[in-house]
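Colleague: Here's the letter readout for the chains.
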Amino acid sequence: MQRMTREQMATRVAADIPDGAYVNLGIGLPTMVANVLPQDREIILHTENGLLGMGPAPAKGGEDWDLINAGKQPVTEVPGSTFFHHADSFAMMRGGHLDICVLGAFQVSEQGDLANWHTGESDAIPAVGGAMDLAIGAKKTWIMMEHVTKNGQHKLVRQCSYPLTAKSCVSRIYTDLAVIDVTKDGFVAMEIIPGLSFEELSRMTGAVLRDGRVRSVA
Amino acid sequence: MQRMTREQMATRVAADIPDGAYVNLGIGLPTMVANVLPQDREIILHTENGLLGMGPAPAKGGEDWDLINAGKQPVTEVPGSTFFHHADSFAMMRGGHLDICVLGAFQVSEQGDLANWHTGESDAIPAVGGAMDLAIGAKKTWIMMEHVTKNGQHKLVRQCSYPLTAKSCVSRIYTDLAVIDVTKDGFVAMEIIPGLSFEELSRMTGAVLRDGRVRSVA
Amino acid sequence: MINKIVESIEAAVADIQDGSTILVGGFGTAGMPFNLVDALIAQGARDLTIVSNNAGNGEIGLAALLKAKRVRKIICSFPRQTDSWVFDGLYRAGEIELEVVPQGNLAERMRAAGAGIGAFFCPTGHGTLLAGERETRVIDGRNHVLEYPIHGDVALIKAHKADRWGNLVYRKTARNFAPVMATAARITIAEVSEIVELGGLDPEAVPTPGIYVQRVVRVESKLAKVP
Amino acid sequence: MINKIVESIEAAVADIQDGSTILVGGFGTAGMPFNLVDALIAQGARDLTIVSNNAGNGEIGLAALLKAKRVRKIICSFPRQTDSWVFDGLYRAGEIELEVVPQGNLAERMRAAGAGIGAFFCPTGHGTLLAGERETRVIDGRNHVLEYPIHGDVALIKAHKADRWGNLVYRKTARNFAPVMATAARITIAEVSEIVELGGLDPEAVPTPGIYVQRVVRVESKLAKVP
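Keeping their order, the protein sequence lines are chains A, B, C and D.
When we follow my numbering, the leftmost residue of the first sequence carries the number 1, and every step to the right adds one.
When we follow my numbering, the leftmost residue of the second sequence carries the number 1001, and every step to the right adds one.
When we follow my numbering, the leftmost residue of the third sequence carries the number 2001, and every step to the right adds one.
When we follow my numbering, the leftmost residue of the fourth sequence carries the number 3001, and every step to the right adds one.
Worth flagging that the hints you see were computed from the coordinates, not collected in a lab.
Quick caveat, the model's predicted, so the values are computed rather than measured.
Using N, Cα and C, we set each Cβ at its ideal position, and we do this for glycine too.
Keep in mind that a hint or two might mislead.
In silico lysine-lysine, BS3-like type, Cα no more than 30 Å apart, as pairs [to be verified]: (1) C:Lys-2069 with B:Lys-1060; (2) B:Lys-1167 with B:Lys-1150; (3) B:Lys-1139 with D:Lys-3161; (4) C:Lys-2067 with A:Lys-139; (5) B:Lys-1140 with D:Lys-3004.
Stretch-level coverage of chain A by chain D, calculated; a stretch enters the list once three of its residues show a Cβ under 8 Å from a Cβ in chain D [as the list claims (entries may be wrong)]: (6) 48-55; (7) 79-85; (8) 88-98; (9) 126-136; (10) 165-177.
Let's have the full structure, built from the sequences with the hints guiding it.
Modeller: Spelled out as structure tokens, the structure:
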């Protein structure tokens, strides 16, 4: 078994974004999706600090520090882009106009609850940013994260132990091992990387996992 | 006694608008104030259909029907003007940013209640426009109206008999006979036209009127 | 590739259903999407709820839609005008339902629909007939009324220019309700005078980003005042 | 004649009182009014409540204000950043009060303050720590939390160009919170890179009409990234 690299994960997420979609990519891992969007699709990226039609990072030396993304990295604007203020930007998000947002996560529960803003440690400084707005605002909230923590702990769980970002908001999870739908019946594996069995994946998943893969008629 | 003409009333209102004020002039009689603003003051007119910095009516033949006021008459824009949409325009009004709005009225009560949108007749078609928003939105709501109806009925009253536009919102009333402040003690006459006595004015006023005029030391 | 430009106005309105709630832009005749309303009349949808500032002028636009008996209910701030005889007649005959909403609430309730606000407290209308049986609350010593969003199935609006992504710019006070309505409807259809290349609009000056627009159709603007 | 242009930045901030609530524009360093914040440090007001998206970067701007111990409380969405060591230190030492607000609520609560909305229901944060003891309500089958406006005594913002009426335009994503904060504060003070003649801005493209701005001061923009 070969875990997917971060680039492979980004490419896998990108493959599911349809032509014409309006998408917000959260800070961290999801930002990488911007670099691997299919060239034959027009996908319009929203960044909550006030830009619809975000382009890739500028060439070195071409940075404009008035033109940044939510992660405060310099970006570019594409033809057809529009700028707006923060209340308008979050109205766009919270009003349900974005098709997809892709977020990182600490934990996702089988009900689709998301924990991605706070580890719950007593000395942690809380910082939420736009995570709670994004999680409830887009038509679909997708998660992109490692399947388990570095220490092997479950991130797909029955109940989140970390403080929640939002309840029942996640519809799909892309991990380095699998693509998992969150359904009313809980987690359903739609794809598993080659060399990993459903049973092995289940052991790395902290809640009941169903097998939703379409079997080829062999 | 010579009642003030509509032009004189407009001029009297205009004289009280300070330099730099942001003002909304309601449809009907108050619209006339725009034509008699003091030339030595910069007064910025707001029209709720999305323009701050409204100018006078255009020359004949120069009408642009995309550039109208709240009464749907063609107007002009002055240098420094800005256009915005209806929600932003009413946010400007309702957020308390306008210094003064001048409205017409059917009745004003001694508590400052305003009735200016509905006669209460059972077959009348109700139409409120922006009146309820304007009445509560500006820092000061001034009324410009005849002191009594054509039939001699009171318009300054103890309680409005017509349906209210807003409660306790009027601070000053400019009539064809007097300038009346609305205070916590009720109506106070600040100016009366020449040839009319305070007692005569009181009889034309449907609530207790106090005399607030500064007497010259004769 | 994204291309929201529809070749014919008939195609733009073809799927509007009977019983729809339709937000119609314009303040009086400024910004009124006359071409789209005419297309809607030809299309034939009926039993409509119309949300618009006024209730039609003369015999054209909304007035013509009303006259064709397609409208069950109108939600507006100012139906009564010197030239609103079509509406006036239907109303007095009991053939149309009217909900009068203060103009600021009309705008803010559509803004709430577009912005994901479930309800809001606002002082406008407190203590008046129009507050009706609404919930009230004193906040910071001031009386407020609870108002709910107004969602549209469709918005018909007029803009000045558009690109193929549906970005829209407007002319002067013809902007009025259009940008708000575009956010509040499931399907927003814009008639425009001019289509420009993608990148042809100043990104700092687009009141309606294309995300709010599903279809754009180019028409000859009907700017003239109602006769 | 209206002239909101103030000759010196010291004069622009001279009357800011101890104990004020100050809205500070910017998202990270983009749109951060560095010159005004420096002037506020020099001016000396203390016991301030700061409302801003972040809690300072490096040792400049808000971070310098925090370091000077002028801030009692900060209301922000994202204090913790790689370069927020000044805030982090004060917070861990218990020397500053922190209220974390979801970014959309931060923007919408200031918008409400500017728009005369007494309170609003919104789904963000429901069922989370940040909803705290707030009132909740199910509207249309969805859980909402009641949120109240955030008013400022003063807003310090950065814009690109201004005219003497206080009309402001911005550059790209440096716009962010500034137009919203301008509506929410009693006194809005803007630092700008350029002053143009009245009429020199496109009236169709002014995110902040001058009515929301009390003072404008021209400065050299500090565009560079924090070292």
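Colleague: With the threshold set at 30 Å, check whether the alpha-carbon distance from Lys-1167 (chain B) to Lys-1150 (chain B) stays at or below it.
Modeller: Given pair Lys-1167 (chain B), Lys-1150 (chain B) holds - Cα atoms ~25 Å apart, limit 30 Å.
Colleague: Does Lys-1060 (chain B) lie within 30 Å of Lys-2069 (chain C) when you go C-alpha to C-alpha?
Modeller: With a Cα-Cα distance of about 38 Å, the restraint between Lys-2069 (chain C) and Lys-1060 (chain B) is violated, given a limit of 30 Å.
Colleague: Quick check: do three or more residues in the region 88-98 of chain A have a beta carbon closer than 8 Å to a beta carbon of chain D?
Modeller: Check passed, 5 qualifying residues.
Colleague: Checking one constraint from the list: CA of Lys-1140 (chain B) to CA of Lys-3004 (chain D), max 30 Å. Satisfied?
Modeller: 22 Å, holds
Colleague: Starting from Lys-1139 (chain B), check that the Cα of Lys-3161 (chain D) is at most 30 Å away, please.
Modeller: Within the cut-off at roughly 28 Å; holds.
Colleague: When I compare C-beta atoms, does the region 165-177 of chain A have three or more residues closer than 8 Å to chain D?
Modeller: holds (count 3)
Colleague: How does the region 48-55 of chain A fare against chain D when you require at least three residues with a CB closer than 8 Å, holds or violated?
Modeller: Contact hint for the region 48-55 of chain A vs chain D: holds, 4 residues under 8 Å.
Colleague: For the region 79-85 of chain A, does the count of residues with a C-beta closer than 8 Å to a C-beta of chain D reach 3?
Modeller: holds (count 3)
Colleague: Assess, step by step, whether the Cα of Lys-2067 (chain C) is no farther than 30 Å from the Cα of Lys-139 (chain A), and give holds or violated.
Modeller: Not OK: Lys-2067 (chain C) and Lys-139 (chain A) at ~39 Å, beyond 30 Å, violated.
Colleague: Within the assertion that chain D covers the region 126-136 of chain A, do at least three residues meet a Cβ-to-Cβ distance smaller than 8 Å?
Modeller: holds (count 9)
In this structure, the earlier hints numbered 1, 4 are contradicted, and the remaining ones agree with it.
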